[in-house]
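Top to bottom, those sequences are chains P and S. As numbered in the working numbering, residues 1 to 235 make up the first sequence, in order. As numbered in the working numbering, residues 236 to 977 make up the second sequence, in order.
Derived by calculation from the structure, the hints in this document are not laboratory data. Computed from a prediction, not measured in an experiment: that's the story for all the values here. Please note that a few of the clues may not be correct.
As the list claims (entries may be wrong) - Covered stretches of chain P (in silico footprint by chain S; criterion: 3 or more residues with CB under 8 Å from a CB of chain S, positions within the stretch not fixed):
| no. | segment |
| --- | --- |
| 1 | 13-23 |
| 2 | 108-121 |
| 3 | 156-170 |
For glycine and all other residues, C-beta sits at the position ideal for the given N, C-alpha and C.
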Amino acid sequence: MRTMRFGIVLFPGSNCEMDCQHVLREVLGQEADLLWHKEEKVSGYDAMVLPGGFSYGDYLRTGAIARFSPIMKAVEAFAAGGGLVLGICNGFQILCEANLLPGALMRNRNLHFICKQVPIRVENGRTAFTNAFQSGQVLRLPINHNEGCFYADLATLRQINEKGQVLFRYCGGKGEASEAYNPNGSLENIAGIMNEAGNVMGMMPHPERACEQILGSEEGRGIFSSIIRRWKGEG
Amino acid sequence: MASAFEPEVTEVLAKQHGLTPEEFERIKTILGRTPNFTELGIFAVMWSEHCSYKSSKVHLRKFPTKGKAILQGPGENAGVVDIGDGLAVVFKIESHNHPSYIEPYQGAATGVGGIIRDIFTMGARPIALLNSLRFGPLREPKNRYLLDGVVAGISGYGNAVGVPTVGGEVFFSETYRGNPLVNVFCLGIAPQEKIFLGKAQGLGNPVIYVGSKTGRDGIHGVTMASEEFGSGGEERRPTVQVGDPFTEKVLIEACLELMATDCLVGIQDMGGAGFTCSSCEMASRGGVGIEIDLTKVPRREKGMIPYEIMLSESQERMLLVARKGCEGKVQEIFKKWDLDVAVVGEVTEDGLLRVKEGAQVVAEIPAKSLAEDAPVYQRPLKEPAYLKRLQEMDLKILPIPFDLEEILLCLLRSPNIARKAMVWERYDHMLFLNTAVLPGSDAAVLRLKGTRKGIALCLDGNGRYCYLDPRLGGMSAVAEAARNVVCSGGRPLAITNCLNFGNPEHPEIMWQFAEAVEGMAEACRYLEVPVTGGNVSFYNETSGQAIFPTPCVGMVGLLEDVSLHQSQWFKEEGDLIFLLGENREELGGSEYLALLHGFEGGRPPQLDLCKERAVQGACLEAIRLGIVKSAHDCSDGGLAIALAEACITHPERSWGIEVELKEDMRADALLFGESQSRILISLSESRIEHLMEVACHHGIKASLLGRVKGDRFQLQGWNFSLNVDPQRMRDAYEEALPSYFR
Numbered sequence: 001m002r003t004m005r006f007g008i009v010l011f012p013g014s015n016c017e018m019d020c021q022h023v024l025r026e027v028l029g030q031e032a033d034l035l036w037h038k039e040e041k042v043s044g045y046d047a048m049v050l051p052g053g054f055s056y057g058d059y060l061r062t063g064a065i066a067r068f069s070p071i072m073k074a075v076e077a078f079a080a081g082g083g084l085v086l087g088i089c090n091g092f093q094i095l096c097e098a099n100l101l102p103g104a105l106m107r108n109r110n111l112h113f114i115c116k117q118v119p120i121r122v123e124n125g126r127t128a129f130t131n132a133f134q135s136g137q138v139l140r141l142p143i144n145h146n147e148g149c150f151y152a153d154l155a156t157l158r159q160i161n162e163k164g165q166v167l168f169r170y171c172g173g174k175g176e177a178s179e180a181y182n183p184n185g186s187l188e189n190i191a192g193i194m195n196e197a198g199n200v201m202g203m204m205p206h207p208e209r210a211c212e213q214i215l216g217s218e219e220g221r222g223i224f225s226s227i228i229r230r231w232k233g234e235g
Numbered sequence: 236m237a238s239a240f241e242p243e244v245t246e247v248l249a250k251q252h253g254l255t256p257e258e259f260e261r262i263k264t265i266l267g268r269t270p271n272f273t274e275l276g277i278f279a280v281m282w283s284e285h286c287s288y289k290s291s292k293v294h295l296r297k298f299p300t301k302g303k304a305i306l307q308g309p310g311e312n313a314g315v316v317d318i319g320d321g322l323a324v325v326f327k328i329e330s331h332n333h334p335s336y337i338e339p340y341q342g343a344a345t346g347v348g349g350i351i352r353d354i355f356t357m358g359a360r361p362i363a364l365l366n367s368l369r370f371g372p373l374r375e376p377k378n379r380y381l382l383d384g385v386v387a388g389i390s391g392y393g394n395a396v397g398v399p400t401v402g403g404e405v406f407f408s409e410t411y412r413g414n415p416l417v418n419v420f421c422l423g424i425a426p427q428e429k430i431f432l433g434k435a436q437g438l439g440n441p442v443i444y445v446g447s448k449t450g451r452d453g454i455h456g457v458t459m460a461s462e463e464f465g466s467g468g469e470e471r472r473p474t475v476q477v478g479d480p481f482t483e484k485v486l487i488e489a490c491l492e493l494m495a496t497d498c499l500v501g502i503q504d505m506g507g508a509g510f511t512c513s514s515c516e517m518a519s520r521g522g523v524g525i526e527i528d529l530t531k532v533p534r535r536e537k538g539m540i541p542y543e544i545m546l547s548e549s550q551e552r553m554l555l556v557a558r559k560g561c562e563g564k565v566q567e568i569f570k571k572w573d574l575d576v577a578v579v580g581e582v583t584e585d586g587l588l589r590v591k592e593g594a595q596v597v598a599e600i601p602a603k604s605l606a607e608d609a610p611v612y613q614r615p616l617k618e619p620a621y622l623k624r625l626q627e628m629d630l631k632i633l634p635i636p637f638d639l640e641e642i643l644l645c646l647l648r649s650p651n652i653a654r655k656a657m658v659w660e661r662y663d664h665m666l667f668l669n670t671a672v673l674p675g676s677d678a679a680v681l682r683l684k685g686t687r688k689g690i691a692l693c694l695d696g697n698g699r700y701c702y703l704d705p706r707l708g709g710m711s712a713v714a715e716a717a718r719n720v721v722c723s724g725g726r727p728l729a730i731t732n733c734l735n736f737g738n739p740e741h742p743e744i745m746w747q748f749a750e751a752v753e754g755m756a757e758a759c760r761y762l763e764v765p766v767t768g769g770n771v772s773f774y775n776e777t778s779g780q781a782i783f784p785t786p787c788v789g790m791v792g793l794l795e796d797v798s799l800h801q802s803q804w805f806k807e808e809g810d811l812i813f814l815l816g817e818n819r820e821e822l823g824g825s826e827y828l829a830l831l832h833g834f835e836g837g838r839p840p841q842l843d844l845c846k847e848r849a850v851q852g853a854c855l856e857a858i859r860l861g862i863v864k865s866a867h868d869c870s871d872g873g874l875a876i877a878l879a880e881a882c883i884t885h886p887e888r889s890w891g892i893e894v895e896l897k898e899d900m901r902a903d904a905l906l907f908g909e910s911q912s913r914i915l916i917s918l919s920e921s922r923i924e925h926l927m928e929v930a931c932h933h934g935i936k937a938s939l940l941g942r943v944k945g946d947r948f949q950l951q952g953w954n955f956s957l958n959v960d961p962q963r964m965r966d967a968y969e970e971a972l973p974s975y976f977r
């Protein structure tokens with residue numbers, strides 16, 4: 001069987017694209033190409049990644065300009081066809097701006113950028129993005145953002161909870177998802193969600209930063225390996 | 236040649252530009268005429284202290300700058316060091332003290348932008364930033380505002396431009412109240428065969444401007460940095476530039492893309508002194524001339540006169556020389572990244588910097604006279620009067636405190652020792668997946684993907700030691716930086732330095748400078764770490780009050796096998812704790828003295844470079860042999876603080892210890908004195924013999940202090956004992972800094 005082919009979108013100002021590429025190629029042995037944001041059509045990819053960074057400098061509002069990049073039409077079409085799309089950090093923000101995911105990401109409650117490792121709890125271990133984990137499992141992943149405070153109106157919040165669309169919540173070391181362990185003020189400690197169809201996911205923590213022991217943790221690998229398992233029809 | 240709208244050039248106007256009457260005469264001799272307004276401005280910035288190093292040059296020559304691994308020493312945009320595998324590290328440090336005091340966010344942000352440009356100019360991808368910050372005491376709101384603004388600026392720019400900030404230092408003292416220090420360091424990686432220099436070559440080759448448009452911002456930034464502050468610093472705010480990290484990010488990518496082609500001849504960023512500095516330095520290094528036409532320069536504002544265009548310090552701009560015929564390819568690359576690009580001139584053979592506005596020549600100056608022929612001063616030196624008095628203070632008469640546990644907690648709460656997480660957590664310190672040792676240990680360690688190697692890097696300085704003994708302080712700064720790199724498992728390779736001093740026209744300041752440089756040079760020779768360049772920041776004075784002389788050392792080391800990196804915290808219950816080196820009864824210059832006794836005096840701890848080298852050699856070998864499970868430099872706060880940090884800085888848990896100190900000396904000196912050349916290590920019991928062999932081989936003392944054991948921090952001395960809950964220590968250490976911001 002051939003290896004999986006990932007397309008990683010490169011917006012001007014993106015900066016985690018090479019990291020995602022490194023992990024997908026060198027750690028997980030898959031194919032991973034960078035896709036320039038001015039491309040309007042892309043084909044031949046099994047999954048797309050919108051990486052972290054500061055597309056267009058985060059000017060105006062995070063993700064607000066990137067969503068109008070020509071490649072977003074291709075991303076929308078890919079998602080509409082059921083393709084798997086993973087947005088990490090700035091990628092999550094762009095997916096929200098593009099209405100591919102519900103809700104919005106606002107400035108962190110303390111108004112500061114935060115870079116540190118935090119525990120998150122897997123809320124739903126049966127999705128295309130989390131099938132390598134058990135529901136309730138606690139992972140330690142780095143966050144690295146200025147605008148990670150998830151917000152949605154009550155109706156949306158109820159819907160994503162009821163339909164199992166909340167994939168990760170910030171928590172304590174034992175999995176307690178309480179306000180004390182909420183680093184950025186996100187509603188209900190939400191750290192990652194997916195769309196109703198289950199093929200588009202956004203998360204603020206950076207799984208690619210926790211895939212090798214030399215960097216202190218391999219717990220982020222499961223996100224990528226879940227995608228690969230789903231594509232192979234195993235997970 | 237002068238435009239009718241420009242002021243007449245007189246000695247008075249020259250003086251307002253910071254030029255002495257003698258310098259003005261010299262300019263007239265060089266030109267054979269009186270300069271026009273534009274030319275006066277060009278000379279003024281190029282001959283400013285900041286650009287010309289006219290007061291420091293004679294002393295900087297004392298630094299050793301050669302070594303097997305040195306591919307590029309001082310004189311270029313950054314130093315380049317061979318690390319094998321066909322790779323080189325490129326690094327440099329720079330100060331942004333003055334602008335950061337005037338406007339902390341943008342001052343610090345543009346400092347970061349500037350140092351990053353110095354690195355990718357050389358063909359390297361910038362992969363790490365460090366910063367060294369010094370402010371007045373945190374109890375004053377102004378200093379909290381400055382710290383917050385500077386950190387926000389570094390965070391805002393560094394994170395968005397996509398270069399991780401992997402470490403640094405923060406220090407507080409009265410001396411920096413009116414003049415904070417913001418020193419920023421950047422390191423990049425490049426293939427050795429793809430290093431680019433700031434050199435113009437090839438007659439007729441096009442000179443190309445890329446990046447942001449030119450505006451009126453930052454005119455005379457460098458002349459501002461070459462004067463001391465009076466009371467109205469805020470009025471200088473317009474001389475501070477505004478940074479745009481997004482433009483710089485795409486500029487990095489576009490330049491690296493261009494460098495992968497064979498179009499590029501030479502390149503230099505437009506930083507301090509902008510267009511002027513980049514054009515005349517490139518021409519001078521290449522032994523050629525450059526002719527530029529200002530009408531071709533992309534501009535943000537209408538009606539700018541040549542003087543303004545030449546002196547603007549608008550950020551995120553580069554000047555490059557390409558091979559003739561490659562103009563189209565260069566334009567294509569920069570347009571892809573939506574950046575301005577314009578052919579603004581060409582390389583000539585007459586050695587002149589010729590500036591035209593359309594057909595009219597508005598300035599014509601020998602490039603070499605600007606870049607290399609600035610006056611060099613051998614300024615008078617005089618030992619400061621305060622020195623003897625402070626050094627000769629009798630510290631033996633100080634009462635020995637009895638409540639040593641409280642003092643330990645008090646030191647852990649000192650902002651100079653306490654955990655700085657609230658600073659580094661605002662910086663992206665993990666981008667590029669290289670950071671194997673995160674901030675919070677002695678030095679950061681980066682792995683180099685595609686090799687087994689790693690890089691250890693840190694910044695270190697101690698203004699207090701330098702104030703009390705500049706020569707010894709300079710030596711100690713180099714030794715401690717090397718020790719930090721060694722503790723992380725790196726073999727020190729080379730340094731860059733940022734020398735922050737007061738007004739060099741004062742003989743006492745110049746004496747401090749000369750002494751500090753001598754001390755640093757001696758340590759560099761002894762520890763075999765050449766200097767690859769750096770930056771001098773004079774005039775760090777406000778209302779006649781100079782800062783402590785503060786050289787800051789940026790040390791880079793190499794790990795042949797990055798998996799053998801070390802961190803400062805204990806790893807396992809039952810491990811043995813050893814001290815490499817010796818405790819001496821020294822209290823001078825210590826944080827303990829400053830914090831608990833309220834004065835900064837005495838002689839700083841002595842440094843025997845021979846012993847230093849032996850201790851570092853032993854530690855490095857023990858790490859390489861896999862004997863050691865943690866290594867931590869004993870510095871601020873002494874042995875007790877080093878032990879405490881090893882117990883409470885582990886990311887996930889705290890440790891207890893049972894330690895016995897046998898020396899018969901003052902308890903406070905033994906616990907909190909800052910003797911040099913000491914490293915605290917831990918290892919499993921089975922490795923004792925190996926450690927002893929290593930220590931014996933290097934001729935150093937390795938003493939067993941005790942064990943990682945239990946849940947109490949227990950320190951037993953000949954006439955004292957401490958027994959503290961590590962959690963209490965951890966709370967003190969972690970909560971101290973945030974408590975100032977609640």
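Subject >> Per-stretch coverage check for the segment 156-170 of chain P, three Cβ contacts closer than 8 Å to chain S >> reply: violated (count 0)
**OP:** Check whether three or more residues of the segment 13-23 of chain P sit with their beta carbon closer than 8 Å to a beta carbon of chain S.
**Re:** holds (count 7)
Subject >> Given coverage of the segment 108-121 of chain P by chain S, tested with a Cβ cutoff of 8 Å and a minimum of 3 residues >> reply: holds (count 6)
Hint compliance for this structure: hint 3 is the single one not met.
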